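Undergrad: Here is how the chains run, residue by residue.
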Amino acid sequence: MARYKDPIVTEVLGKQLHPGEQLYHWAYGVKQPPIGLIILLTLLAILPGAIATALMTKEYIVGLTSHRVLILRVKGGKANVLEITEYDRRSLPPAKTSTGALFTHIALADPARPFVAKFHRLGMPNNRDHAMGIAAALPQQQAA
Amino acid sequence: MTVQPQAFTIPCPFCGTATAAARCERCQRDPRGARRICGPCARQTPTTEPTCMHCGAGKPNDMAWKIPVIVLMFALAFALAVALQR
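Going down the list, the sequences are from chains A and B.
Residue numbering for the first sequence follows the numbering used here, beginning at 3 and increasing consecutively.
Residue numbering for the second sequence follows the numbering used here, beginning at 83 and increasing consecutively.
Just chain A, with the same shape it has in the complex (with noise of 0.2 Å):
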């Protein structure tokens, strides 16, 4: 079931790292279309309906360091790296977190550069401790 091995993650992480900079932790997660969307295709047709959405799932690498968290979109069996965004962790933005049966879901409420995406528990090797891991670092955004 999982995507990636450590390995493979820490490779491509461990490539955007900078000299002094040491990898806590790392985690695979994904970011949806619209619920709404996914059931809107699966009822026109399922298998067209599933590959679709497939095809319009986002995959992200998250890794948080000394100094920053790292998010890295990939694609392909060897997490060929598309974008990158980073978020120093001294000024990091409010973020929602919360940790379910299977996913743990993180959202940055950054103006400029929002980032939504869940992380299944199979999703990699110890994804579920080291999505946690990432989300008790981040700010909690405060009830309004």
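FYI, nobody ran anything at the bench for these hints, they're computed from the structure.
Be careful, since some hints might not be right.
Claimed, not checked - Pairs of lysine to aspartate or glutamate, EDC-like flavour, derived with a Cα cap of 16 Å:
#1 A:K17 x A:E85
#2 A:K77 x A:E61
#3 B:K141 x B:E131
#4 A:K7 x A:D131
#5 A:K120 x A:D131
#6 A:K80 x A:D131
#7 A:K60 x A:E85
#8 B:K141 x A:D131
#9 A:K33 x B:D144
#10 A:K33 x A:E85
#11 A:K77 x B:D144
#12 A:K60 x B:D144
If you're wondering where the values come from, they're calculated on a predicted model, not measured in any experiment.
Assemble chain B onto chain A, guided by the hints.
TA: Quick look at chain B alone, frame taken from chain A:
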């Protein structure tokens, strides 16, 4: 584990110049800004810029081939359903 990050100098991902500022002194871009990997030259370029700062290649559109494929799949599914009902 509690970590207190310190300000530190980093190589600008776009031009390679060592910088600790919010804007690279050489290329004037945000070294911590969102960036993408350019397909043709495989170098990093700001996501906000429509073309690659190194090779000038245009920004790829992920959905450019996916939307026609999705539409085609649904069209085939409906055509198959109609054909099977006859």
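Undergrad: Now, for every hint given, state plainly whether the structure supports it.
TA: Evaluated hints:
1. Simply put, K17 of chain A and E85 of chain A have alpha-carbon atoms about 13 Å apart, close enough for the 16 Å limit, and the pair holds.
2. The suggested pairing of K77 of chain A with E61 of chain A holds, with an alpha-carbon distance near 7 Å, which does not exceed 16 Å.
3. With a C-alpha separation of about 8 Å, the suggested pair K141 of chain B and E131 of chain B falls inside the 16 Å cut-off, and the hint holds.
4. Restraint check: the Cα-Cα separation between K7 of chain A and D131 of chain A comes to about 15 Å, which is no more than 16 Å; the hinted pair holds.
5. Simply put, K120 of chain A and D131 of chain A have alpha-carbon atoms about 13 Å apart, close enough for the 16 Å limit, and the pair holds.
6. For the suggested pair K80 of chain A and D131 of chain A, the alpha carbons sit about 22 Å apart, so the restraint of at most 16 Å is broken.
7. For a cut-off of 16 Å, the pair hint linking K60 of chain A to E85 of chain A stands: about 11 Å separates their Cα positions.
8. Between K141 of chain B and D131 of chain A the CA atoms are separated by roughly 36 Å; this puts the pair beyond 16 Å, and the hint is violated.
9. A distance of roughly 14 Å separates the Cα atoms of K33 of chain A and D144 of chain B; the hinted pair therefore holds under the 16 Å criterion.
10. Between the alpha carbons of K33 of chain A and E85 of chain A the distance comes to roughly 14 Å, so the proposed pair stays at or under 16 Å and holds.
11. With a C-alpha separation of about 11 Å, the suggested pairing of K77 of chain A with D144 of chain B holds against the 16 Å cut-off.
12. For the hint linking K60 of chain A to D144 of chain B, the alpha-carbon distance of about 10 Å falls within 16 Å, and the restraint holds.
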